[in-house]
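K.L.:
These are the residues of each chain, in order.
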Amino acid sequence: GQQLNQSPQSMFIQEGEDVSMNCTSSSIFNTWLWYKQDPGEGPVLLIALYKAGELTSNGRLTAQFGITRKDSFLNISASIPSDVGIYFCAGQRRAAGNKLTFGGGTRVLVKP
Amino acid sequence: DTEVTQTPKHLVMGMTNKKSLKCEQHMGHRAMYWYKQKAKKPPELMFVYSYEKLSINESVPSRFSPECPNSSLLNLHLHALQPEDSALYLCASSQTGADYGYTFGSGTRLTVV
Numbered sequence: 004g005q006q007l008n009q010s011p012q013s014m015f016i017q018e019g020e021d022v023s024m025n026c027t028s029s030s031i032f033n034t035w036l037w038y039k040q041d042p043g044e045g046p047v048l049l050i051a052l053y054k055a056g057e058l059t060s061n062g063r064l065t066a067q068f069g070i071t072r073k074d075s076f077l078n079i080s081a082s083i084p085s086d087v088g089i090y091f092c093a094g095q096r097r098a099a100g101n102k103l104t105f106g107g108g109t110r111v112l113v114k115p
Numbered sequence: 008d009t010e011v012t013q014t015p016k017h018l019v020m021g022m023t024n025k026k027s028l029k030c031e032q033h034m035g036h037r038a039m040y041w042y043k044q045k046a047k048k049p050p051e052l053m054f055v056y057s058y059e060k061l062s063i064n065e066s067v068p069s070r071f072s073p074e075c076p077n078s079s080l081l082n083l084h085l086h087a088l089q090p091e092d093s094a095l096y097l098c099a100s101s102q103t104g105a106d107y108g109y110t111f112g113s114g115t116r117l118t119v120v
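Residue numbers (this note's numbering), protein chains in the order written: chain A, 4 to 115; chain B, 8 to 120.
Because the hints were derived from the structure by calculation, they are not lab data.
Computed from a predicted model, the values in this text were never measured in an experiment.
Don't be surprised by glycine CBs; every beta carbon is placed ideally from N, CA and C.
Each hint should be verified, as a subset may be incorrect.
What the hints assert, rightly or not - One side only, chain B facing chain A, incomplete, derived with CB under 8 Å:
| hint | residue |
| --- | --- |
| 1 | Lys43 |
| 2 | Ala46 |
| 3 | Pro49 |
| 4 | Pro50 |
| 5 | Leu52 |
| 6 | Tyr56 |
| 7 | Ser93 |
| 8 | Tyr107 |
| 9 | Gly108 |
| 10 | Tyr109 |
| 11 | Gly114 |
| 12 | Val120 |
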């Protein structure tokens, strides 16, 4: 099925660094969501975005809904070890019955 | 209660076994979902229930049989599975008619031997 293009696929972080990831699509979405998944667990919703241009923060996390409604980014500031995990973007379209379309995921790892 | 609870957390079954996965939520959500997730991949939608009725089946093989006994419970009955069906099975719920995102359970790690 349709998939969002999420990049990077993986990244290494050092404690204290800011990191960024993004998702793009050829289709418009009504809602953009960012989830984090830890090993052996289900995805946990981090941030939900409902309006084009919206910028929303949740602690050290900031996400934006692109003006064209076809993209979104997630920033993590001052990363800490527990930020390790897989981050998924997801889009929802009312015309598609609000089904979630997921990006391929960004795997965040700690620099050795 | 803001959780989706899935049981069991782990399941190992033979290819001739019949087993069931269970999912429960008490958030008043009237839409419930089953997803399958393979390692290092995003979740893939299997089934959607809306108001206890099956609304979407993403061409899932009949060896997977969903059931929604009431607005809080969702089951996935498994029969004659194949080793390639081994995966993390996730349940999720959401409000209907709204785009607020889904709440996911912790999943059942299924291994078919």
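K.L.:
With a cut-off of 8 Å on the beta carbons, see whether B:Ser93 makes it to chain A.
P.N.:
14 Å, violated
K.L.:
Would the hint on B:Gly114 stand, with a C-beta cut-off of 8 Å toward chain A?
P.N.:
5 Å, holds
K.L.:
Given B:Tyr56 as an interface hint, is the shortest Cβ-Cβ distance to chain A below 8 Å?
P.N.:
The hint is violated - B:Tyr56 has no Cβ within 8 Å of chain A, the shortest such distance being about 12 Å.
K.L.:
When the nearest CB of chain A is found for B:Ala46, is that gap smaller than 8 Å?
P.N.:
10 Å, violated
K.L.:
Measuring from the C-beta of B:Pro49 to each C-beta in chain A, is the shortest one below 8 Å?
P.N.:
4 Å, holds
K.L.:
For the restraint on B:Lys43, tell me whether the closest CB of chain A is nearer than 8 Å.
P.N.:
With Cβ-Cβ at 12 Å, over 8 Å, it is violated.
K.L.:
Verify the interface restraint on B:Tyr107: the C-beta must sit less than 8 Å from at least one C-beta of chain A.
P.N.:
It holds, given that the least Cβ distance between B:Tyr107 and chain A is near 7 Å, below 8 Å.
K.L.:
So, as I understand it, the hint says B:Gly108 touches chain A; can you test that by seeing if any CB pair is closer than 8 Å?
P.N.:
This interface hint holds because 5 Å falls under the 8 Å limit.
K.L.:
Would the hint on B:Tyr109 stand, with a C-beta cut-off of 8 Å toward chain A?
P.N.:
6 Å, holds
K.L.:
Could you check if B:Pro50 really has its C-beta closer than 8 Å to a C-beta on chain A?
P.N.:
6 Å, holds
K.L.:
For the hint on B:Leu52, does the least C-beta distance to chain A fall short of 8 Å?
P.N.:
Holds - the Cβ of B:Leu52 comes within 8 Å of chain A, reaching about 6 Å at its closest.
K.L.:
Can the hint on B:Val120 be confirmed by a CB-to-CB distance to chain A that is less than 8 Å?
P.N.:
Violated - the Cβ of B:Val120 stays beyond 8 Å from chain A, reaching only about 19 Å at its closest.
Checked against the numbered hints listed earlier, the structure breaks hints 1, 2, 6, 7 and 12; every other hint is satisfied.
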